[in-house]
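Participant: As a plain string of letters, each chain reads:
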Amino acid sequence: MTATIVAPATPQRRSKRASNNAVLAGAIILGLLALVAIFAPLLAPHDPETVVADQVLGAPSLEHPFGSDALGRDVLSRVMFGLRVSLLVSLAAVLVSTAIAVPLGLLAGYFGGLTDTAISRVLDMVLVLPALLLAITFIAILGPGSTVAALAIAVIYLPILARVMRSSTLVVTRNDYVLGARARGAGHLRVLIGHVAPNALGPVIVQASVLSAFALQLEAALSFLGLGTQPPTPSLGGMLSDGRDVLSQAPWVEIFPGLTIVVAVLSFTLLGEGLRRAFDPKGVAA
Amino acid sequence: MTALLSLTDMEVRFGAAESMASAVDSVSLEVKSGEIFGIVGESGCGKSTLANAVMGLLPGAAHVDGSAKLQNREVLGLDEKSLRALRGDEMSMIFQDASASLDPTWPVGDQIAETIRAHRKVSRREAKQQAIDLMTEVGIPDAASRYGDAPHRLSGGMRQRIVIAAALANQPKLLIADEPTTALDVTIQAQVLQLIRRLRDDHGTTVVLITHDLGVVAEICDRVGVMYAGQLVEVADTADLFAAPRHPYTRALLAASPGVPTESRRLATIPGQVPAPSDQIPGCRFQERCPRRLETCMTTPHREPVFPNEVACWNPEPLPAGMASPTDLLGEK
Amino acid sequence: MTALLQVENLVKTYPASGGLPFRRKRFTALDHVSISVDRGRTLGLVGESGSGKSTLGRCVLGLTAPDSGSVIFDGADVTKLRGAKLSEFRRRVQPVFQDPYGSLDPRWSVGRSVRESLDVFRVGTTADREQRVRDLFDRVGLNPALTDRLPSSLSGGQRQRVGIAAALASDPELIVADEPVSALDVSVQAQILNLFQDLQNDLGVATIFVTHDLGVVEHVSDDIAVLFHGELVEIGPADRILHDPQHDYTKRLLSAVPRPPLIGAGTPRPTTPLAHPTILPTSARTAPATDIPTTD
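Residue numbers (my numbering), protein chains in the order written: chain A, 136 to 421; chain B, 2 to 334; chain C, 551 to 846.
Where hints are given, some of them may not hold.
Quick partial rundown of chain B residues pointing at chain C, CB under 10 Å, derived from the structure [claimed, not checked]:
| hint | residue |
| --- | --- |
| 1 | 45 |
| 2 | 186 |
| 3 | 190 |
| 4 | 213 |
| 5 | 214 |
| 6 | 216 |
| 7 | 219 |
| 8 | 258 |
| 9 | 269 |
| 10 | 270 |
Not everything, but these chain C residues come out facing chain B in the computed CB check (under 10 Å) [to be verified]:
| hint | residue |
| --- | --- |
| 11 | 598 |
| 12 | 599 |
| 13 | 738 |
| 14 | 740 |
| 15 | 741 |
| 16 | 747 |
| 17 | 762 |
| 18 | 764 |
| 19 | 768 |
| 20 | 802 |
| 21 | 806 |
Keep in mind the hints are simulated off the structure, nothing from the lab. A quick note: this is a predicted structure, and the numbers were derived from the prediction, not measured. In this text, a Cβ means the ideal position worked out from N, Cα and C, and glycines have one as well.
Take these sequences, add in the hints, and give me the full structure.
Facilitator: Rendered as structure tokens:
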């Protein structure tokens, strides 16, 4: 029997293309932001922590395109360095969280029963606590700082990611090919790593990229409250807090870090939304 | 009997390019008032696309050409508002998956009453009473007490009855049923088919029944059209189709059907595969798989079986002695 | 000769959905079912939804543990197998599934799926396995050049052939096929049914063919077992069950199958409406939802 590949042009293709564009746009903006963050020490025109007395609340100029803040520090340079911290904290938090959530969700969804109950109940306990409260409690115990903020965010997102992994594992496990692999003699580990995990990972990746946007916001919120990154190290949240006091005289101190947060969050969301559509089972099946 | 639905050169294309072959390719047929007309074919043959085109249910990307007249009124190209007025009133459609056609959170009775009130000005109470009457009519025992049940409380067969009741709520002239029993168990299928036939007998509703199952056709249809790769290849009275299938594809499909009594346990198969809609094939679309292929078949398509008991084939299976085709009769005139 | 597979008094219940967790009733999927399959024979397991036919198939495959009763395969109780004995059993009893879309890992090439059990049991060298996969593709009527394809680029019939090749890879003695043709088009269905016949004739592998379709079962079965609401209502040689059914339910099932008449048989069979199909008395236990017949 010979095979004829049938590739009908379906409407799904078009939506797939649209989602590819979203992924691309999100990835490009994010890539640019990341480059700026990584190479901040080379790109920044000024030292972000140097106080210049005669530049206090200086308006945007060629020398200081984003103006300068209440201590005369260059806002552009501070935004660049702040972005560095914010991206690092939020990505690290989500990565750590995902790394723990994936195996937990996989085990809970695949084995079910007592394993599932045990894992799910513990995660539920984390989930019922309000995110910010949990983070503040965490920081109250361990003290403020970027690392602790990242850890707190990781803990907050752990149950969300684990749940996503668990439910997509449940769906994948129900497929006949998983049953078939077992019936063909494959052990649990082989089935989990070979079949279940690769097919169940999609939704988690999507969720993680969406959560990165929230992590960025949460990090900013914590720093805004003075619980995250500590001054004088610049952070986007901390800059918002600084800018609030001088909002009427020097709005640039507030606006530029704020805009940066918006753009970063937006690009994460674009990426996540695009990935979600790309992983949509209907799109895959076509 | 007059034609209730007449399709002329129905053409459905997906995608913009004019060069793209059609999902439905110049289908012409007439469905008589009060008959149960079967459209049979394998998946991808265009039977559902054809039905959805008539109902105006195709997505915007689809290009529909030709003409579909319901009681001499053109239904193709109507705007959404006129279509909505027509659907559920003059013509209704039911689908394979009854649970997907019902809102899971609504009481089933309300869903029927809703259809009534969408098209006629009646009070809530009247609509409810009519809905209960309809439920009784489609064979739901103790209809009044099932009125408030959510769909999941009913079995699959009962849900399909509810869907039929909702489709018939405004006594449509035409009911298009797309694989209405495919998801049901055979014993339930037999009951639902019996119900469809009884509704036709009692109300004179014309039914177009789309199915892949020749057994269902034999069970319930008066006439049948066979579709292959987007084209209508044969139209015949059901009895004639089974007694003497004329198109080689019809014959092959019948021979391949499990449950057809055969000499050996082995089933006949059709070699090769159905061509894709995008394949450009000069001549007959069945040519590659056809045992009766002629030179002509490779170059020239045989067009539209317009007359009843016609077949779109250059070299059809011969008629058994004693049977005459209408064209033969016409020729004698 | 003792039977290859002997299922005795199998009972399997599931918690019924709905109701409060602690007083939830149990739904009986299998109620003291006994069947046996001899080497090289094919048993058609027929029933409608909720009859327990798929549950029985899964119990035989050792994928579902029964509440009570035994599944004896070649003298050993399947429910008690562990470790090496269990994997040996897994090699000898293979499944074929209904859905050709869900039965193959979408991320694996179809060749890799077929090779899976060879990899698990470390049969021969890598080259041996590759050769065996190509032979299997040939055996089930697939072009061996297709081994590198993903399932998504194959048709439903081709995927089902891959599924059968995967089942044959470990040289099984029993195949449990759960509705293997019900998702396929009529003409493809015929090809797959013929393939099953060939495998029975050429390889002598015993088969349990689970289906709702009596029309299908007569083309492949030596014996037929009819299940209804978890109970075995009738079992016997295929010819006898199809032409001289004893149980009311079997008769009802047979008469409900819409059949196209024999080609060229003059006039088609008169359409006989099911005269008030009678519902069998269901026992007091929770039965699946049943349609109540219409009274006209």
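Participant: Against the structure shown, which of the earlier numbered hints fail to hold, in ascending order?
Facilitator: none
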